[in-house]
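S.K.: Chain by chain, the residues run as shown.
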Amino acid sequence: MRSKAELKGKPFPVGIRGWVLISAILVGLWAWLYLGLSPRQLLPGDASSIGRFLAAALSPALDSQDPGLGEAVRYIVLQNALHGLGRTVLFAAASLLLSILGGFVLGFLATSTWWAGDTITSRGPLRRLLRQVFGPTVSATAKILATLLRSVHELFWALIFLAAFGSGPLTGVLALALPFAGTLGKIYAEMLEESPSAPSKALRDLGATRLQVFFFGRLPAAFPDMMAYTLYRFECALRSSAVLGFFGYPTIGYFLKLSFENLYYSEVWTYLYGLFLLIFLVDAWSGTLRRRLAT
Amino acid sequence: MSADPKVQDRIVYDLQEVSQRYNSTTALDSVSLTITSGEILAIVGPSGSGKSTLLRILAGAQRPSTGHVMIRGRMLRDYSPTTLRELRAATGFIHQDHRLVPGLRVSQNVLLGRLGQSSLMASWRSFLFPSRSELLEAHEVLERVGIEEKLFERSDRLSGGQQQRVAIARALYQAPCTLLADEPIASLDPIRSRDILKLLTEVAAERGLTLVLSMHDLALAREFCPRLIGLRHGQVDFDKSSSDVTQTDLDQLYRLEGKERIEDRAIQG
Amino acid sequence: MTALASERMTQIEQLRRDRPRSRFLRWSLSAFVLLLVLSLFSGEFGFEQVFSPRRLQNLENFLTETLPPPIRRGEGLAAGLAWASDILMSPKGFPALGKTLAISILSILLAFFVAILLTPPGSRSLACPEPYLPGLASAKGVRSFLWNVCLHFCRFFYVFLRAIPEYIWAFLLIQMFGFSAWPAILALAIHNSGILGKLFSETVENLPPESTIALRGIGAGRAQLFWFSLFPTGLSRFLVYFFYRWETCIRESTVLGMLGIVSLGYYINDAQATINTPEMLFLIFLGSGLVLLGDLFSALIRYLVRHAN
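Chains as they are written, first to last, in my numbering: chain W, 1 to 295; chain X, 1001 to 1269; chain V, 2001 to 2309.
Each hint can be trusted.
Keeping only pairs whose Cα atoms sit at most 20 angstroms apart, straight-line, the calculated EDC-like set for lysine to aspartate or glutamate is:
{"#": "1", "chain 1": "W", "residue 1": "201", "chain 2": "X", "residue 2": "1097"}
{"#": "2", "chain 1": "X", "residue 1": "1240", "chain 2": "X", "residue 2": "1217"}
{"#": "3", "chain 1": "X", "residue 1": "1198", "chain 2": "X", "residue 2": "1097"}
{"#": "4", "chain 1": "W", "residue 1": "201", "chain 2": "X", "residue 2": "1183"}
{"#": "5", "chain 1": "W", "residue 1": "201", "chain 2": "X", "residue 2": "1086"}
{"#": "6", "chain 1": "X", "residue 1": "1240", "chain 2": "X", "residue 2": "1017"}
For the record, the hints were derived by calculation from the structure and aren't laboratory data.
With the rest of the complex left out, here is chain W (with noise of 0.2 angstroms):
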């Protein structure tokens, strides 16, 4: 208890939370001024456009909006849906499985608890410099490569490839793929770094080389979170697999750009709702799997 005193001076005590909840508030203050905001922007230009594009969600079209094509080709937009759809979930599972792959690697090389083996066996002028020079120089190496990989943003990759090597479907996977690499390596090497080390030492006790005691000691410990991460991964991979669509790729975003612009507004909400049934029924699937595997 504090003592009346000792209270006077402080009538509503503020911690640390409160700090940062207080100035999070002021600097969201200077946000809105930098920015010049004002709710007035927010009155929307053209009010009948923005009726016909809500009222379409009630009529989502399967046939083509375009007069020329309508009647020509049935369920034109129910079919590039499922294309699109489908090219969504073949990028995304194509470019985790690449970046699974380079994640892997990467949190093997960034897992410092490996590179530190025990000293007994490390006592050779060659062996320590292994374990002390080396092995942190490789983890840390492994720990800023990834860190780099993810602050470019997928889709800043995909412009640098584009302009790197033009266009194709193999340059938009590697574009995911990359920042991807980065996040599941640090998370990946985060997890190994932080799964029980007591079973390793046993196993290190029974002679395990190092190499044993990363795959059969700490491998199996942080499996389970990792198999639960890459899941989670899987769904954002699914979202930016969709955005990629925007910048050419035949995913769902390509179909829904180009209804956009065309202002066929029930063709959007066919795609809309296609992409919220997918990631509605991803999310439904690994949130149940990622509760077993916690158990």
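Given the structure of chain W, go ahead and fit chains X and V onto it with the hints provided.
M.R.: Just chains X and V now, kept in the frame of chain W:
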């Protein structure tokens, strides 16, 4: 020690004036002892008396600050990484907290016992696709510790006593010459403690293993181990056959002094 | 094989058949792995085309154009630095970075506000007829049904909010509100309030209930329970999530500029459209610097908040 050449051949561990210091604290203070092949003995003493350090040195997991450690006729400092791996592969180590790899099945945990004897590829093979003979052997050691029906269960779903049994089975699967057990019963209730001790001593006798246990419980140690070594403040207090250990020895071993005593009063009062 | 061994083998086979396993888990994981592997070899992504002569020519052009013009012309490092500082001082540099930062801050604040309001009706422990009265819990009756509807509606709403990517939200909102910063802020806020809402609700459900039960015992209502017990107890975790999501907001708000909102992405897109590769790379590099700084700052605050008490 004994000049008899036969005994000389059978010496597994020979420690002379072994001390271990960590920064300012002394864990072991010039300990000398010999252990011959097939002996079953317990190291007893209060917490912090250096029992764990001593066992880790015997296991080849740690080098002492000073003193000579001879294991199987070779000085510990002369072990190369390769021969050290062989030494560890031939030494079973059982911990208080069993230290099984969580998330793996019992069979996988048992098969990990031979990591020290196999290459990385071979251990991947037996981890993913265990052969018939490997499964047969694993089943056999699990039967010896009495839980063969748990062969394919997840090891982290077992009870504490069962997990300790799996750890013993893993050590048996390893087919070691020596079994070291650091406080194997510290987290078990009295009945299970007795079971585990009985199991360990019987198995060691059956297979002619050298068994070194460390523990708190003097009554149990006297009951199961023919030889007791009392450790106090890192020094050997007594080293006798259990029938020769007197009540004074034991009182001496566990007496409180100075600050400890005052703290103890404070708790009681 | 001896009779004993074969008897043992049949026992082992029996144990293997009876081993505890989850069919759902096994099928799901196998299907997932199969999907990943097959996708790469679906014929959709040709490897051979990467190294076609045209592409290699492309790559060569790209690599020669990467260096800043003054350095390419051999005018030395000083000229290169002058080039860089010119960009930094122009509207493409610090002002764009500031706007990107401001958008991320406003959007995460808005998301936090919305998520906090959605949390009580979206938490299982509050959205029930008798919250925090363990003895009185009953799963039947109209009131219980209505609360269940409310709970699942909120949960569904979270998924709806976060299912559509920020970029698509922003794309749609721009058509409604024009090119102010609002579409970016709203898009980020919508997506993140879905994510924060889910995380906050789970946090509230997992908080130790003792103090809330005590408050309930003296007759507090749902709002009082939330604001005077659950909110203060969970605040540390809320703030940790808040800063985690802020990091991703910075990342995303640089990108949203590509739709025409004046953040860093706008100038990056511009540089790409005018094939000014060195400037594009430099601006992307600036953006990743901002993201890294944000990560560092957020890690520091999260550390402080975690160790506050």
